[in-house]
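Take the given structure of chain A and dock chain B to it, following the hints.
2 protein chains.
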Amino acid sequence: MIESYPSKVLQLQPIGHVQNQVQPGQDAIWERIDSRIVIDEEWADGLDGLEEFSHVIVIFWLDRPQDRESPLKVHPEARRDMPLVGVFATRSPQRPNPLALTTVKLLAREGNVLHVRGLDAFDATPVLDIKPYLTRGDQRTRVRVPKWLLRLWEEQDRDTNR
Amino acid sequence: MIESYPSKVLQLQPIGHVQNQVQPGQDAIWERIDSRIVIDEEWADGLDGLEEFSHVIVIFWLDRPQDRESPLKVHPEARRDMPLVGVFATRSPQRPNPLALTTVKLLAREGNVLHVRGLDAFDATPVLDIKPYLTRGDQRTRVRVPKWLLRLWEEQDRDTNR
Chain A
68 MIESYPSKVL QLQPIGHVQN QVQPGQDAIW ERIDSRIVID EEWADGLDGL
118 EEFSHVIVIF WLDRPQDRES PLKVHPEARR DMPLVGVFAT RSPQRPNPLA
168 LTTVKLLARE GNVLHVRGLD AFDATPVLDI KPYLTRGDQR TRVRVPKWLL
218 RLWEEQDRDT NR
Chain B
68 MIESYPSKVL QLQPIGHVQN QVQPGQDAIW ERIDSRIVID EEWADGLDGL
118 EEFSHVIVIF WLDRPQDRES PLKVHPEARR DMPLVGVFAT RSPQRPNPLA
168 LTTVKLLARE GNVLHVRGLD AFDATPVLDI KPYLTRGDQR TRVRVPKWLL
218 RLWEEQDRDT NR
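First to last, the sequence lines map onto chains A and B. Sequential numbering from 68 applies to the first sequence in this note's numbering. Sequential numbering from 68 applies to the second sequence in this note's numbering.
Okay, chain A solo, but in the shape it has when bound (with noise of 0.2 Å):
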């Protein structure tokens, strides 16, 4: 029943921050850029065994969204020539909860540093949770995505190797 749940403001606090070179407003070709995740001091031996996946998730909290409206229905990358979708049908950083996730290459751990590869977001981002990504339940198989997806990715890889 929709009443049974209750309808109050849920809290978070960052557990750590991005560092990198990109700023925000910069572009990036994110998949090769390479990141550290600080965590806090407090939080740093909640790392200990991460070391053993080679890929993990990274929560974080969209803090500079170029807009704050989150409109319900979006052009993917703001491009006229995509089809109008849910919000929620993209990964948008314009959304409802400022709440992103990235699967990224772990490639060292030292102490409460983490050393990542592929996280798309700008240095100082608050990070929320790390989770280890595992062969069960995020290793997908026979996934169908849109065909406007398929064309916005190689017309990107274009643009990208050109």
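Possibly wrong hints are sitting among the right ones.
Which copy is meant is left open, because identical chains are indistinguishable; a pair holds if it fits in one copy or across any two.
Calculated lysine-lysine pairs in the DSBU-like style (CA-CA distance at most 35 Å, straight line) [stated by the list, open to error]:
id, residue 1, residue 2
1, K214, K75
2, K75, K140
3, K214, K140
Since the hints were derived computationally from the structure, they do not count as laboratory data. These numbers come from a predicted model, not from an experiment.
Chain B alone, transformed into the frame defined by chain A:
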């Protein structure tokens, strides 16, 4: 620099909730559980186009952990025969920020309701975000996980098929 990010409390709101047959404290073989995710009417249009994806990632709020404390180190699945590892090296529900994420099979969308399979959330759990599962980014290859996790999964398989 660690001083450069605001150490403030971040706020979220539920966008909907889970409906299924599993009550808190109950055991379930989650892979086989079908759930409805009921999105609040104000956000329903944000789901448009999601039906073209076979899988979606659900971010939800762990509102009913058995214990409010979040230990830094845990035995996976509370099993003493498993190594003591950092909470960020596990998917334990007791974590500094009570965020969970699960990739589920999207069976159907009907207006503001998503029918999904494999969501490991109890009935009435608040939902924070829905994201499409992407063949690029979310679907990783050459993934390594620790030996203890492979052993845990093998034993769980045996128990399930018993």
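Hints, one by one, checked against the model:
1. K214 / K75: neither (38 Å within a copy, 41 Å between copies)
2. K75 / K140: Both. Shortest intra-copy (25 Å) and inter-copy (30 Å) distances satisfy the 35 Å Cα cut-off.
3. K214 / K140: Classified as within; 18 Å inside a copy, 44 Å across copies.
The structure shown violates just one earlier hint, number 1.
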